[in-house]
Amino acid sequence: EGLQSRIPDLTPQEVEGARLADTKLAMAITPHFFNLIDGNDPDCPIRRQMLPSVQETETAPWEMGDPCGEDSHSPVPGLVHRYPDRVLFLVTDRCAAYCRYCTRSRLVSNALGYDFRPNFKEQIEYIRRTPAVRDVLLSGGDALLLSDDKLRQLLTELRSIPHVEFVRIGSRIPIFLPQRITPELCSMLKEFHPLFISVHANHPRELTTEVRDGLARLADAGIPMGNQSVLLKGVNDDSVVMKALVQKLLMCRVRPLYIYQCDLINGSAHLRTSVRRGLDIMEQLRGHTTGYAVPQYVIDAPGGGGKVPIAPNYVLSHNADRVVIRNFEGKVFEYPEAPDGTPLHPRPTSIEEPELV
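Numbering-wise, the sequence shown is residues 1 to 357 according to this note's numbering.
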């Protein structure tokens, strides 16, 4: 009823979704982000990301509760060690707002009774006794929900470990709650360089004046930032929208890093696009905008295989003599192939048609 008083024109799917939300993933939206919702447009890209739908109760084939296989790569509670030299450190199960496609919906908000109780001491000790770990990503939930003092304590512990070279924070707080990005927070984070932040923006409408100001404070503190978007049906599965997003991110001093194919999380089929759609969008970015603005399109291999880059095929053929390639305009070129880079055969005058098959 509270939601309907703010958005009178809720669809029947949204009304039922809101009623059932706490049985799967809690519904929470910050006032800042809620104000971006167009209450008159059921297809509003912000609305599609944040308002629950009864479609979330439908589990499509291939969908699963832990699509990235994180629980099977967890040596201690709250820590995921999937890649050889880096770990994912889950510091909380809370977020400022909950995205309906969340890959950790089994955990965040505790709607499913996951009972997440991380023991920072146990997590830190694992990292300390595992010298292969040189990179730690703080996430959750959202790590920037921790107080400045708690964050300082955690970062100090990590920086006391000699083999930890690189610390990252994954957060949607700069987008959901830009007021959290205070000068005091930025000053504290600056003490722990090299420190990187991965933000999560999906649509250009999210980069409001307040968000841009917060990102500027982080950038002015010398913190490099990358953006991770999730490709979502009806949100950003359009080359014009995606190009506007990545270009706007660069103007905020945020490097577009990844576009994720939406994970196979239970109840997300209504938000998931085809892989072909993602490849088409990448075709419209590569060569059509600044190279710095072109992210990598990736699929998190189902079950815990890790990130796999997916790209349009620009190599048409490859043999011992040459590589036949196409550019963003569809024009075909060749490049000589040889063990040391110096071809011994003469340059052909044309590209034979069979090589393009």
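If you're looking for bench data, these hints aren't it; they were derived computationally from the structure.
Be aware that one or more of the hints could be misleading.
[As the list claims (entries may be wrong)] Below are the DSS-like pairs computed for lysine-lysine, each with C-alpha atoms no more than 27 Å apart in a straight line: (1) K233 <-> K190; (2) K233 <-> K307; (3) K243 <-> K24; (4) K248 <-> K233; (5) K307 <-> K243; (6) K190 <-> K243; (7) K24 <-> K233; (8) K121 <-> K190; (9) K150 <-> K233; (10) K150 <-> K190; (11) K233 <-> K243; (12) K243 <-> K150.
In this text, all values refer to a predicted model and were calculated from it rather than measured experimentally.
Tested hints:
1. Only pairs whose Cα atoms come within 27 Å are accepted, and K233 paired with K190 is rejected, the gap being roughly 37 Å.
2. Pair hint K233 plus K307 holds up; C-alpha atoms about 21 Å apart against a cutoff of 27 Å.
3. Distance hint between K243 and K24 is unfulfilled; the C-alpha atoms sit about 33 Å from each other, more than 27 Å.
4. At most 27 Å may separate the alpha-carbon atoms for a hinted pair to count; K248 and K233 meet this at roughly 21 Å.
5. Among the hinted pairs, K307 with K243 is consistent with the structure: their alpha-carbon atoms are about 23 Å apart, no more than 27 Å.
6. A hinted pair counts as satisfied when its Cα atoms are at most 27 Å apart, and K190 with K243 does not qualify at roughly 31 Å.
7. For a cut-off of 27 Å, the pair hint linking K24 to K233 stands: about 21 Å separates their Cα positions.
8. With a C-alpha separation of about 24 Å, the suggested pair K121 and K190 falls inside the 27 Å cut-off, and the hint holds.
9. Distance restraint check for K150 and K233: the Cα-Cα separation of roughly 37 Å exceeds the 27 Å cut-off, and the hinted pair is therefore not satisfied.
10. With a C-alpha separation of about 15 Å, the suggested pairing of K150 with K190 holds against the 27 Å cut-off.
11. Proximity of K233 to K243 is assessed by CA-CA distance (about 16 Å); at most 27 Å being required, the pair is judged to hold.
12. Using a Cα cut-off of 27 Å, the hinted pair K243 and K150 is violated, with the two alpha carbons roughly 37 Å apart.
Comparing the model with each earlier hint shows violations of hints 1, 3, 6, 9 and 12; every other hint is respected.
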